[in-house]
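2 protein chains.
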Amino acid sequence: MGRLTLENINQHVVKAEYAVRGELAVKSEEYRAKIRKGGDTGLPFDTVVSANIGNPQQLDQKPITFFRQVLSLLENPNLLEHEDVLINSLGYKSDVVARAKWLLSNVGNVGAYSASAGVPAIKESVAKFLERRDGFAADPAHIYLSGGASSGVNTLLHVLCASPDTGILIPIPQYPLYTASLALLDATCVPYYLDEAASWGTSLETIKESYEKATSNGTDVRAIVIINPGNPTGASLPESDIRSVLEYAAEKKLVVMADEVYQTNVFVGKFTSFRQVLLTLQKENPGGKYDDVELASLHSISKGMVGECGHRGGYFDLVGFSKEVEEQIYKFVSITLCAPVIGQCIVEMMVNPPKEGEPSYELYSKEYNGILEGLKVRATALYEAFKEMEGVECGEPQGSMYLFPTITLSDKAKQAAEKDGRKPDEFYCMRMLEATGVCVVPGAGFGQKEGTLHFRTTFLAPGTDWVGRITKFHKDFMNEFR
Amino acid sequence: MGRLTLENINQHVVKAEYAVRGELAVKSEEYRAKIRKGGDTGLPFDTVVSANIGNPQQLDQKPITFFRQVLSLLENPNLLEHEDVLINSLGYKSDVVARAKWLLSNVGNVGAYSASAGVPAIKESVAKFLERRDGFAADPAHIYLSGGASSGVNTLLHVLCASPDTGILIPIPQYPLYTASLALLDATCVPYYLDEAASWGTSLETIKESYEKATSNGTDVRAIVIINPGNPTGASLPESDIRSVLEYAAEKKLVVMADEVYQTNVFVGKFTSFRQVLLTLQKENPGGKYDDVELASLHSISKGMVGECGHRGGYFDLVGFSKEVEEQIYKFVSITLCAPVIGQCIVEMMVNPPKEGEPSYELYSKEYNGILEGLKVRATALYEAFKEMEGVECGEPQGSMYLFPTITLSDKAKQAAEKDGRKPDEFYCMRMLEATGVCVVPGAGFGQKEGTLHFRTTFLAPGTDWVGRITKFHKDFMNEFR
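Residue numbers (full-length UniProt numbering), protein chains in the order written: chain Z, 1 to 482; chain X, 1 to 482.
Looking at chain Z on its own, in the form it has when it is part of the complex (with noise of 0.2 angstroms):
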């Protein structure tokens, strides 16, 4: 025998939850690969479908080509020797050529390490789309360029969570990361639940009770996290929700950490940044509370019409840390060195894409839109389904990339999870998995209020088959326990 036991290594590990690649991804991985083996594979179905996970170019979401032939340059940039050829014989614009230039003087070469925060020069690009977005000048300096959003928020929290005792307030339903980096960490979730019935809105006053009973516990809350839109919910916060969150976070002196990888990603009302609230009420208010509030905003290549996932690439802005903490944070970076350089080259292609009048720019609208009416158009077929589905409730599609519908179930169906050591919703899931090779994941791995039962789906895939593979299903299971 080894040395290393599930009961000697890092429990913190070991406690950490991640429902979003777990057991149900993984055996859709099995199924998809035993049906590219071929042959009679005894499946019900015969594709998969992950459903499961935000990975938009895995589906039906082509690549912008702008960007996608910037980087062709990138990596090899002998081609602009030859730019009659690109523009003559392979459809590059003047416009890709010139954008590719202008990185390449600025990263140098896309194989060497960028300076620990990110290249300067992209970071300014960062700073300028800030300032666009919302009015207000932006500091490359407090912009640090990432390897997704997610490792964002490692660094964040890392800096964050001093022991076991720190809390740090996150909505129920969340994306697991966040809990499973606190879990990794040692430090304590203080959830606060989103209200299904106002569509997953934020309500201050279960932001309040939750703070007050952690705190009354012993818990040094100290930052609250903000999805917004919400995953998995889909919700565009209202500026008057911000507004309250942002004037709590100053009356409690709590770190605010707005994670607006989605703020794209909007069918129903608008994206209102928290950077653009806070600074507009620091205004109102010169040198009031607001001054001190202490705000960071993620930002991620991943998702939106960009979707470049496999690229990982993202940023973080900080507004009113201190010198001596964002010190801390470099140093944290500057030991994971820098984040992939051709990602950071996306980034600034996201926030500064080709514009009216340019080359690129007709292509560029075109494929935009075409991908946000796309997503519109299955969430909506997709929530059609939901609605004529016995025991399912799901709001109007709002943004994001996902659905989160309400599921009931029968006792007997509970009964059976039971006997089968599973939860419902698990228990549920994987039925649908083993049914239709849908993957999709249930509530449990969000977080959902006791005695309600979720799942959560992509609505990425494209055509209808698989949500008709999912209807019937749906009334199988609830005949079979009925």
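Don't read these hints as lab results, they were simulated from the structure.
Careful: at least some of the hints might be erroneous.
Identical copies look the same in the list; a pair holds intra-copy or inter-copy alike.
In silico lysine-lysine, DSS-like type, Cα no more than 27 angstroms apart, as pairs [what the hints assert, rightly or not]: (1) K423 <-> K331; (2) K62 <-> K101; (3) K128 <-> K34; (4) K253 <-> K208; (5) K449 <-> K15.
Assemble the complex: chain Z is given as a structure, and chain X must be docked to it using the hints.
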């Protein structure tokens, strides 16, 4: 005042040290920015030389053409619709096109998340490489693709370190990622000193002493890290040293972490992998003590003739870990989603480069050998310069990308350092940077025997001008403090 202060944030972050990108590196970047702005800088040099970090493509090392041509096609697969243009007008060979097609058919889309532990087909390529290199078959199931070796180290140490009493044997001098990671995890670094007099070899006696001392202090020593070839020392371990380390590991049930990222950067002697030696020992002693040894071997695309640091790719391979522990490792890597997919593709090409007889082979091997030869020439030039410098002693270059000379400074210099609030080698390196624009790292950043002083410099920078600058600075420094 906001919430966070240096006193109330995570003290393990505050305590972590990472000199490679510390004060000197930050200052050198300021100089670089100043020079870029133009005008009278007031500096006594007109270029900054970053000899502080093994970042080949920031300096003279060109990327391998085959790799980058394939990457350009992976980023823009539409180019594959113009095979004639690629081949007739752009100089792409047919094996470039074939490799890109093969990778795309296995990866899908480089913009999608891959499986958490990496693309299965790429893991198979790594397994085949391990088999060719070591003469023993490898199972892709135990191979994990990572974002550079540093992300693999982070994963493994996270799982290994269960409490502040967990001890990990770390060579001194070492790459400071190890001590920084242990500080973040609040585990115990158990240093063992390498033997400078024996070309920085590994002395089993020293390892035993360190183990015994730590164990008698109540530390649960559970792993030993070996960096082979060494960083910062460049030493390649002879097979006999590897055998004795493995024998000791088997006896004491120590997990072995073999950091082998410099395995192709070898000028003197030859690289032997820990995996090969362990599997040989197992074969020689069937059913014996070696069957239980747990070995993790790490490799990277950042070093060697590949030098693709900015793409963040690498892998680790496990031998002898239990299924339950591997499940925890899988869960941990799944929380960080996946390694950058383009970096994974470079791993594939690194372990499976063009073969003799294939169209790209000639250029590939010319580039590969040219880089290796260039490193050797530059290392030798630097070594010769060090030999001429008063109070500097340096072993003959053996490999990796670094030299790590001893410097002997006068009491007067040490007093001046103390007055300046710095360790003597930090003071020396800061003065070097201020006088020459050459950034190196003080030995203190890697650890060194009490009473000795060193600095680490890469030998990646082209030309000899910068070596001349160091020589002149050193003479002036020695005279100033005589």
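Self-check item: Copy assignment of K62 with K101, given that the CA separation must stay at most 27 angstroms
Solution: Both: 24 angstroms inside a chain and 17 angstroms across chains, each within 27 angstroms.
Quiz item: How would you label the pair K423, K331 (within, between, both, or neither) given a Cα cut-off of 27 angstroms?
Solution: Cα proximity of K423 and K331: across copies only (20 angstroms, versus 42 angstroms in one copy).
Quiz item: At most 27 angstroms between C-alpha atoms: does K128 with K34 qualify within a copy, between copies, both, or neither?
Solution: between (49 angstroms within a copy, 22 angstroms between copies)
Exercise. Check K253 against K208 for me: Cα-Cα at most 27 angstroms, and say if that holds within a copy, between copies, both or neither.
Key: Within. Shortest intra-copy distance 13 angstroms satisfies the 27 angstroms Cα cut-off; inter-copy 51 angstroms does not.
Quiz item: At most 27 angstroms between C-alpha atoms: does K449 with K15 qualify within a copy, between copies, both, or neither?
Solution: within (21 angstroms within a copy, 40 angstroms between copies)
Going through the hint list in order, the structure satisfies each hint without exception.
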